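Protein chains: 2
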Amino acid sequence: MTAAMMTFPLNTSDILRSAALRYPKQSIVSALPGGQRHQYGYLDLLHRTSQLANRLSAEGVEQGARLATLAVNHYRHLELYYGISGMGAVVHTLNARLFSEQLSYIINHAEDTWVFVDPEFLPMLEAVADEIPSVQRFILLCDEAEMPASSSLKLECYETLLADQPTEFSWPRLSSDTPCGLCYTSGTTGNPKGVLYEQGSTVLHAMMSGSSQYLDFNEWSVAMPVVPMYHVCAWGVPFSAPMYGAKLVLPGAGLDGESLQQLIEDEQVNQAFAVPTIWLNLHNYLQSSGKGIDSLKMVGVGGAASPRALVQTYDKLYQVYWMGIWGMTETSPLATAAVKTPEMANMTPEQRYELQSSAGRPMFGVEIEIFDETGRPLPHDGVTRGNLRCRGPWILAQYYRGEGADKFVDGWFETGDVAVINAEGYLRVVDRSKDVIKSGGEWISSVELENAALHDEAVNEACVIGATHPKWDERPIMLVTVKPGKLLDEARLRDTLQQKVAKWWLPDAIIQVEDLPHTGTGKLRKVELRQSYKDYLLAK
Amino acid sequence: MTAAMMTFPLNTSDILRSAALRYPKQSIVSALPGGQRHQYGYLDLLHRTSQLANRLSAEGVEQGARLATLAVNHYRHLELYYGISGMGAVVHTLNARLFSEQLSYIINHAEDTWVFVDPEFLPMLEAVADEIPSVQRFILLCDEAEMPASSSLKLECYETLLADQPTEFSWPRLSSDTPCGLCYTSGTTGNPKGVLYEQGSTVLHAMMSGSSQYLDFNEWSVAMPVVPMYHVCAWGVPFSAPMYGAKLVLPGAGLDGESLQQLIEDEQVNQAFAVPTIWLNLHNYLQSSGKGIDSLKMVGVGGAASPRALVQTYDKLYQVYWMGIWGMTETSPLATAAVKTPEMANMTPEQRYELQSSAGRPMFGVEIEIFDETGRPLPHDGVTRGNLRCRGPWILAQYYRGEGADKFVDGWFETGDVAVINAEGYLRVVDRSKDVIKSGGEWISSVELENAALHDEAVNEACVIGATHPKWDERPIMLVTVKPGKLLDEARLRDTLQQKVAKWWLPDAIIQVEDLPHTGTGKLRKVELRQSYKDYLLAK
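Order-wise, the sequence lines are chains C and V. The first sequence begins at 6 in the working numbering and counts up one residue at a time. The second sequence begins at 6 in the working numbering and counts up one residue at a time.
Read the hints as simulated data drawn from the structure, not as lab findings. Given the structure is predicted, the values throughout are model-derived calculations rather than measurements. Keep in mind that the hints are not guaranteed to be accurate.
Any copy, or any two copies together, can satisfy a pair, since identical chains are not distinguished.
Below, in silico cross-link-like pairs of lysine to aspartate or glutamate (EDC-like), each with a Cα-Cα straight-line distance of 16 Å or less [said to hold, decoys possible]:
1) 159 <-> 135
2) 439 <-> 453
3) 30 <-> 348
4) 30 <-> 429
5) 539 <-> 478
Let's have the full structure, built from the sequences with the hints guiding it.
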């Protein structure tokens with residue numbers, strides 16, 4: 006029997022063309038440096054993106070070429086997302102929080118030929134200029150008047166590049182597996198690895214993640230991705246929001262509470278997306294300023310565990326639904342979410358907060374499962390911890406250039422997370438598998454211990470790692486930095502911990518340190534610490 | 006560069022498994038004969054569908070085999086949709102309104118091996134029993150107690166088939182182009198042609214048509230497809246509603262106003278889908294009974310032009326949003342819809358009704374275009390009429406067994422409709438291209454003339470066809486049947502027409518007839534009438 010339906014691969018350019026047809030005047034608002042705002046509609050976005058694509062074509066940019074961006078969330082970055090991917094090249098988003106050795110490593114690994122850069126990040130490129138021979142063009146994301154007076158690099162102006170180009174472009178029809186985006190993992194162990202997104206996977210991810218199963222966008226949505234476009238594609242919101250006609254509010258570089266409150270109020274933002282710290286800072290600002298966020302109805306929160314107290318605060322003080330989410334660079338990135346359900350209306354607040362602070366359930370198209378060390382699936386009982394794997398059409402099958410092949414097992418992607426799943430399918434990530442402490446055959450979550458320690462008034466940051474133990478193989482030890490002007494009281498800290506975790510989880514040692522090492526994206530460098538402290542308990 | 010994302014084709018079984026995980030207790034309510042209601046949840050649906058799939062596998066049903074259904078909308082039919090397609094076979098929905106010669110033609114053309122049939126439709130099969138040698142099994146959709154006492158056919162009972170089968174099934178992972186459904190066109194010209202749906206096209210259609218761009222389903226939806234599951238897959242609602250967690254209300258055979266009002270009220274239906282006649286009948290019932298439909302918020306209406314007066318009635322009397330839609334068997338079937346937009350809040354009621362009674366705009370994934378006779382695209386000015394074509398991943402590329410190849414042109418499907426598109430992208434279908442009257446190089450819409458005639462109090466039905474004319478090539482003539490007890494006043498009818506259409510559209514002859522011929526699905530058989538009346542104006 007012959008297949009009967011059209012072979013018609015959907016492309017990122019279809020998202021933009023559909024948005025320009027259905028929602029031509031829906032706004033894209035960008036906060037620019039100096040408090041300025043830029044505003045235009047989806048039809049304008051299509052026209053300028055077409056100009057960009059025409060210019061790239063005229064310059065001979067080939068299908069599959071990697072063109073990099075180093076920029077915050079604004080309309081020009083959005084034009085690059087669509088213009089580069091739409092004409093068949095690969096938009097490689099460089100993380101602005103990278104250290105320079107990682108930046109040059111990644112640019113070389115990707116063999117980027119162009120870099121589009123915000124003026125504020127130009128010094129990062131100047132610092133590695135001698136180490137990135139593949140880069141032929143440096144394009145400043147500004148107009149002529151804003152170009153830097155001088156630079157060690159030969160700079161071009163983005164607006165000049167676009168000027169005089171036709172506002173229509175003949176978008177190619179690209180196969181589903183044509184690469185369209187590239188993003189590197191943060192590399193807590195070893196070198197960063199590249200995740201190459203495809204036309205088909207990107208469109209499918211936008212279709213489902215923008216639906217009522219996840220971000221729930223429609224023409225009444227005013228969506229603000231605070232999560233950066235320079236990392237994990239701002240959770241795909243630059244694709245899903247236009248697909249479903251949401252107004253987009255791009256916050257630029259101002260991610261402090263005051264800037265965000267102002268944007269939310271001015272633009273009547275009703276859905277916003279960020280890591281927990283952003284929402285803590287906004288809450289603190291609202292408390293000190295007395296200002297409000299009346300338009301805001303939901304926040305999507307991932308990238309770190311959702312603190313229960315903050316979920317409650319956003320519910321009670323601001324009537325904002327906190328939706329816990331989970332995903333990774335390797336999952337496009339959205340996979341699971343704690344969406345609001347009709348059943349929640351009949352729950353106690355505590356029951357609701359429990360669900361909201363979880364990672365939620367997989368959306369259609371994603372499967373998740375937990376496995377033991379031998380690869381057997383584990384029960385979904387809300388208690389049993391296992392190695393989390395996932396699969397689906399927008400989940401990675403191999404890293405760029407074939408690295409990290411051990412992460413792909415039996416058709417699954419090995420996330421490196423340790424998680425529990427309950428009977429209703431809700432996921433709770435409890436730790437990274439390399440960070441979990443294996444004590445006498447049982448697992449102790451470093452993350453849960455670290456979170457518990459933050460309830461002590463003196464603790465600034467805590468880091469829990471496993472140290473070798475003669476009897477239990479490993480036992481947890483806790484390194485803490487202390488808040489300025491506070492004194493660490495170990496007995497009090499142990500009391501605090503004991504209220505939150507099982508007694509046998511309590512660390513064998515609590516050690517005050519001056520500093521804790523972090524990666525460019527703010528994660529603890531536990532590999533180094535484990536190395537330094539591995540014999541600590543043996544020596545003790 | 007190698008593709009990097011998982012090759013993971015999504016299947017109809019994924020929809021059911023996801024629904025059972027995310028919405029295990031969400032209800033499926035079925036109205037059964039005799040006023041009974043059946044109710045269970047999506048997890049129950051998965052269990053029973055698994056039993057069915059296990060049984061079909063045990064019986065040796067092979068991938069690609071065509072298993073037919075002849076049934077109204079109820080839970081067993083839903084189990085067949087998922088069970089047959091999920092295990093890799095093809096669910097072939099037989100239209101219960103077919104004449105017997107068409108029924109046997111279609112069964113033979115498809116080479117169906119099993120037929121699952123509602124007891125009420127058994128006589129249709131008994132009548133053609135000698136003409137359908139491919140059918141080996143006749144399964145009655147009822148339990149043992151409801152089995153007919155005798156039949157010329159060897160009958161089996163559906164419930165007996167399922168009994169004792171395991172409630173878990175190992176669903177195969179099927180390639181995107183695996184056929185999963187088959188539906189025949191109504192065949193107004195020539196024999197019906199088969200449209201073979203695929204796993205991938207069916208899932209994509211459900212993803213987008215269930216989203217806020219179209220049917221707008223979520224866990225608060227209570228969706229009632231009145232449009233039959235035995236034709237155009239009930240607009241795909243059996244797939245899109247479970248995907249997005251809607252409660253499903255399946256009305257069985259009772260499509261009269263009283264039955265529908267009762268179901269809407271009892272089950273708190275808020276979204277329902279049917280052709281205009283259904284809504285006219287419901288309105289008439291509500292007016293005569295004084296009953297209400299308070300829970301209903303929107304109706305999706307297609308299959309025929311939306312009468313403006315009814316759009317207004319549903320708005321003003323019932324506060325129901327009337328959403329005009331357009332699609333065909335060949336388009337899976339949904340393509341365009343007049344979804345509610347924020348802009349409508351600032352329109353006059355008349356402006357809104359104009360949009361609501363149109364066919365709306367294409368959802369993401371579907372492209373539409375109008376062309377002249379030479380294949381050149383025409384302007385979107387809301388006035389220019391052209392031949393409507395469409396394309397996209399759930400649009401047909403070839404009919405079953407390669408028939409009707411002339412309908413596929415330059416990568417487009419030639420719909421056979423004549424339409425206008427306005428500057429905002431809204432589609433209005435004005436006629437079937439074979440029915441349009443070409444008078445002096447200009448086009449006259451038979452449908453618009455027919456609709457205008459219905460405003461005359463004596464006209465029961467009108468049919469407009471083109472008759473050969475020595476000067477203008479063709480001119481319209483109108484055949485009318487008259488309501489019982491009324492008299493046709495031709496002068497009054499001409500006055501009525503003149504208020505609705507341009508003067509040069511007025512028919513050259515108005516002819517009262519006793520009867521008008523119809524197809525099995527209720528469409529006018531214009532081919533025959535054109536043949537009979539082609540020389541009418543020459544002879545006159």
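Structure-based check of all given hints:
Within a single copy, residue 159 and residue 135 get their C-alpha atoms as close as 13 Å, which meets the 16 Å cut-off; across copies the closest is 83 Å, which misses it. In this homomeric assembly, residue 439 and residue 453 come within 16 Å of each other (Cα to Cα) only inside a single copy, at 15 Å, whereas the closest approach across copies is 70 Å. Taking the shortest alpha-carbon separations for residue 30 and residue 348, only the inter-copy value of 10 Å comes in at or below 16 Å, while the best intra-copy value is 37 Å. For the homomeric pair residue 30 and residue 429, the shortest alpha-carbon distance between copies (11 Å) is at most 16 Å, but the shortest distance inside one copy (41 Å) is not.
In this assembly of identical chains, the alpha carbons of residue 539 and residue 478 lie at most 16 Å apart only when taken from the same copy (11 Å versus 95 Å across copies).
The structure shown violates none of the earlier numbered hints.
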